[in-house]
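Take the sequences, apply the hints, and build the full model.
Take any residue in the sequence shown, count from 1 to its spot, add 12: that is its number in my numbering.
For the record, the hints were derived by calculation from the structure and aren't laboratory data.
Treat the hints with caution; some may be incorrect.
Ranges of calculated distance between the beta carbons of each label pair, as one might list FRET restraints [what the hints assert, rightly or not]: (1) 185 to 123: 25 to 31 Å; (2) 257 to 185: 23 to 29 Å; (3) 239 to 185: 48 to 54 Å; (4) 224 to 178: 34 to 40 Å; (5) 47 to 140: 30 to 36 Å; (6) 136 to 255: 16 to 22 Å.
Note that beta-carbon positions come from the ideal geometry of N, C-alpha and C, so glycine has one too.
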Amino acid sequence: MTPLSPQIPTGTRPPLADALVKLAQTPDDVSSIAEDLQKVAELAATRISKIDYAAVSPQSEDGPCTVAVSQDLAVAVQDAAVADLDAVAPPLEQDVSGHGGADASVTLAWPGFREAATSMGMRVVSMPLFTGSGATRATLDLCSRDAAAMAPLTAGICAAYDPNLPSPGEVDDLAPLDDGGQELVAGFAEALSVRATIQLAVELVATRSGSGPNDAYLELRLDAADKGISLLAAATAVITRSLAG
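Below, the structure is given as structure tokens:
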């Protein structure tokens, strides 16, 4: 049986890891999910070095990509210092939001971003972003002109899926992940564990009630809401009761 999710206390997680873990246990119907996805893009763009852009690509019917760039790169684009991007990017004075501080970034809505990234010769590393039901809500695309910088991220994400695979620090010809990359991989690994815990609880509810997975998820969601607890806490309680017999 899948073990319970090994939760790290929220206050001790770095920001990017925390955003990924919180998203994984957020019920699908919560209205703030769009903002949560944007926050993931902003944190990835500012905390992972050598990443030029971090884009959240929703399901096709959900609109354009939300693309985050660091404040420094945004200024370069605004000044037309990056000619190829200036030719394909939407004007930064339109559809832009952002935040200041140490992790300053600018975020813009960018239709057709993936095609634009390819045309600019970007290397792209992608990973799914999922919410409480376990369904993929969007894809996080990390883009860079530096192919060597992408290799450790690819290895780290693969190792998050399969702990038997080597991490970047265990491969001689790969550079180690920077702090932001470590945040991403650690957060993704914990998010996968959260997802597995909730999915196991859904299976147990479905078996008990004779319902399908969608109805079982809804039952778990309503149970969490009625008790004023998180979806993950409700899932953990279901599994604990099952283990107790």
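Hint check results:
For the pair residue 185 and residue 123, the supplied restraint of 25 to 31 Å is violated, since their beta-carbon distance comes to about 38 Å. Between residue 257 and residue 185 the C-beta distance comes to about 50 Å, which lies outside the given range of 23 to 29 Å. Residue 239 and residue 185 have their C-beta atoms about 50 Å apart, which keeps the hinted 48 to 54 Å range intact. Between residue 224 and residue 178 the beta carbons are some 39 Å apart, a value that agrees with the proposed interval 34 to 40 Å.
For the pair residue 47 and residue 140, the supplied restraint of 30 to 36 Å is violated, since their beta-carbon distance comes to about 19 Å. For residue 136 and residue 255, the Cβ-Cβ distance of about 41 Å falls outside the hinted range of 16 to 22 Å, so the restraint is violated.
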